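Visitor: Each chain is listed here by its residues.
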Amino acid sequence: MEKTKSFKYHTQESNLGLSITDRRLAYVRQASYNQSQLQEPPHTPISIFPDESAKPFLSRSISNIDTISHHDKYFDKFSIFRALRSGNRQMKRLFLLISLNVAYSTAELAIGLFTGRVGLVSDAFHLTFGCGLLTFSMFAMAASRQKPDFAYTYGYKRLEVLSAFTNALFLLFMSFSLAVEALHAFIQDESEHKHYLIVSAVTNLLVNLIGVWFFRNYARINLFYRSPEDMNYHSVCLHVLADSIRSAGLILASWFLSLGVQNAEVLCLGIVSVAVFMLVMPLFKVTGGILLQMAPPSIPSSALSKCWRQIVSREDVTEVSQARFWELVPGHVVGSLSLQVNKGVDDRPILQFVHGLYHDLGVQDLTVQIDYD
Amino acid sequence: MEGQTSQHGQIIEINVDVPERERSLGGNKICGEAPCGFADAATNSNDARERSASMRKLLMAVALCVVFMSIEVFGGIKANSLAILTDAAHLLSDVAAFAISLFSLWAAGWESNPRQSYGFFRVEILGALVSMQLIWLLAGILVYEAIVRLINETSEVNGFLMFLVAAFGLVVNIIMALVLGHDHGHGHGHGHDHHDHGMGHRHGSRITTDHHEEHPRGEHHDHCDEENPKTGHHHFLDKHHRTGEVLAEPLVDKPKFGPEQKKQQNINVRGAYLHVLGDSIQSIGVMIGGAIIWYKPEWKIVDLICTLIFSVIVLGTTFNMLRNILEVLMESTPREIDATKLEKGILEMEEVVAIHELHIWAITVGKVLLACHVKIQPEANADLVLDNVIDYIRREYNIIHVTIQIELRAQDVVLEATVLKLHLDDEFINELHDSVLSFAVLEKENAYGSVAINRTWDSSIGGKCRP
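Chains as they are written, first to last, in the numbering used here: chain X, 18 to 390; chain U, 7 to 473.
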């Protein structure tokens with residue numbers, strides 16, 4: 018079969034044969050998917066080491082081989098249009114969502130200013146904050162495709178995790194402020210300012226439901242992240258979901274008030290606040306764990322101790338110390354290790370053994386320091 | 007092993023139990039026991055002392071804040087004024103920021119465990135990030151309040167009262183800034199008497215552990231920073247001169263010229279300081295707005311414009327710190343370390359053939375780690391080269407936590423790629439070479455000495471091949 022001109026595994030466009038609504042492909046690994054489409058059907062590559070057993074080499078879960086073609090190097094500073102044009106589906110959807118939100122919030126702000134309604138203005142501000150965050154998410158999506166350079170030796174993928182963390186943080190702030198508002202309503206017992214917000218709440222709800230529909234693949238609380246983009250999309254989905262819950266709560270509150278239920282506001286706001294908090298907490302914990310460089314949750318500590326024991330049980334190794342592992346982004350684990358070895362022992366087989374051992378666990382980047390006694 | 011006395015007459019004794027095997031020729035290669043900051047952060051005395059000093063500062067600031075806040079709340083309820091209560095709410099936000107900073111400082115001292123192998127130092131950074139988000143949120147809230155003021159009738163907004171309340175808030179913030187702030191450097195004629203007692207014995211104290219006995223040049227452990235008041239001009243802008251760029255990046259001199267490594271102020275104290283600074287800037291803005299409304303009640307829009315301008319200024323002050331935070335969180339090479347120079351320096355050593363996968367990153371501002379793979383000549387003594395490289399890094403760049411993987415250069419492995427293509431032009435061959443190289447590098451197996459593409463000519467296809 019004649020191979021195409023470019024051997025590049027490029028991620029420029031996701032020419033997926035399958036539609037993205039197929040649930041099984043909700044989390045698409047673009048690079049490896051493209052690769053398999055361009056060439057022969059995926060097979061387990063065999064290593065070319067003559068002395069090594071035929072162990073599968075490319076046994077990583079994510080194939081991060083995305084070589085930017087030459088002419089793109091000159092456009093390295095992304096512009097938003099180029100990013101959009103080459104962006105994947107989710108990015109385009111996000112852009113649409115953001116523009117909808119921006120339009121809506123500016124309209125609300127203008128109307129609020131002209132008619133002098135404070136409630137509309139506050140809602141517009143809340144929306145603007147949300148918009149800003151979604152813009153940062155989109156920026157992270159675009160910027161994280163850059164290749165690693167001298168200053169950022171690990172690349173820019175962390176930006177996605179950061180944006181997910183910021184989204185989660187904002188949602189926590191929002192839940193906290195809703196709780197404060199509920200308390201305020203409980204103490205003050207004034208309720209007339211909810212009524213004229215119905216129209217804005219309904220429109221808000223509709224806009225956010227559109228967003229939820231766009232990102233419906235990620236509409237779950239606990240998700241197993243296979244790539245940093247997953248995390249980012251998940252955070253965006255939770256953001257719009259939480260916003261829609263909030264609007265729904267406001268609508269419900271005014272409906273109950275019109276029905277004459279006492280303390281309807283307090284109840285609804287309280288429920289919304291608790292719901293948003295519980296929605297966001299898992300994402301916050303996971304992103305926080307990654308940013309704090311916790312041991313990777315995807316690798317159980319029993320597996321790590323098993324590796325430890327296996328290494329120590331080798332006859333030349335006297336001690337293993339300072340085994341530290343952390344997750345750069347979901348799916349990319351980095352580690353470092355220190356070995357004490359008997360003098361005069363050839364280090365290559367030991368190195369290969371250790372690398373292979375941890376490679377099987379999913380630790381792609383490993384630095385092993387061998388000290389001779 | 008004992009330490010040395012500080013210049014303030016304090017005797018600081020450090021008893022470090024060093025296992026025998028670390029007394030090898032090249033010094034301690036393994037960042038093992040007590041001197042290593044990760045393993046037992048609590049017993050690292052200098053770190054702990056700095057942290058407790060910062061905590062003391064913050065506690066003082068919190069106490070002041072609470073006192074002032076209760077005064078304002080009381081006065082606000084008495085006078086039934088919304089403006090005073092709003093300002094009290096801003097002070098409450100200050101308290102929240104201080105609480106976050108305190109918590110981060112305290113949490114950073116927790117001992118590391120297997121799940122958190124690097125300790126909890128990152129908590130500082132995350133806490134500072136949350137603090138910055140709060141500042142942004144508050145700036146937005148203030149703009150919102152200005153708009154509300156614009157919408158509401160003038161009679162509800164008393165310009166004079168606004169002015170007074172904002173002035174009071176400004177005074178409070180300035181006091182707190184003084185409590186928190188004066189620790190970044192020693193230039194411009196501010197003596198040490200400005201500093202509160204908490205930081206007093208950090209200056210001029212010098213702790214050497216046995217760790218450094220083999221390095222007579224007076225190299226300093228990462229955690230034993232000395233701020234020598236006589237040397238090292240610290241570039242920073244006094245806050246009285248400029249409000250916009252208070253915490254410009256200090257220049258860090260190479261440590262081999264002596265104990266000159268300036269340590270930046272603890273990032274959480276910096277964050278709290280920025281909070282307070284932002285509040286004082288906003289108070290100034292509100293004061294101006296209040297004065298305008300008091301003087302000319304129909305120029306309400308000026309108040310809004312003023313608030314907007316000052317909010318933008320406040321966001322500008324957070325920019326530097328956000329950049330620092332972002333750089334640490336993205337695991338990027340810290341600013342003060344020149345990775346190219348380091349790589350060149352290591353390459354210049356004899357017997358070092360190549361260095362790849364060099365990663366330098368920081369756990370928190372000031373704690374830097376390095377990991378790389380170094381390829382050496384097959385005949386070289388791996389141990390010696392390892393010692394040399396680690397020495398060099400520690401000496402020149404003061405990076406203590408170093409992990410080096412020494413690899414002996416293997417024989418050249420040739421990747422043969424049979425290309426079935428009609429026209430083999432140069433461009434295609436170059437692209438192919440690049441792709442295969444990146445493929446090989448990405449494989450992270452360093453046995454590839456070089457990659458050569460053998461062009462074979464498959465007669466069945468009938469293509470041309472240039473030699």
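It is worth saying that the hints were derived from the structure and are not from the lab.
Since the model is a prediction, treat every value here as computed from it, not as a measurement.
Hints may be right or wrong, so weigh each one.
What the hints assert, rightly or not - Below, computed lysine-lysine pairings styled on BS3-like, alpha-carbon distance capped at 25 Å:
| no. | chain 1 | residue 1 | chain 2 | residue 2 |
| --- | --- | --- | --- | --- |
| 1 | X | K302 | X | K360 |
| 2 | U | K350 | X | K360 |
| 3 | U | K347 | U | K381 |
| 4 | X | K164 | U | K347 |
| 5 | U | K350 | X | K164 |
| 6 | U | K350 | U | K381 |
Visitor: Which earlier hints turn out false for this structure, listed by number in ascending order?
Guide: The structure breaks hints 1 and 2; every other hint is satisfied.
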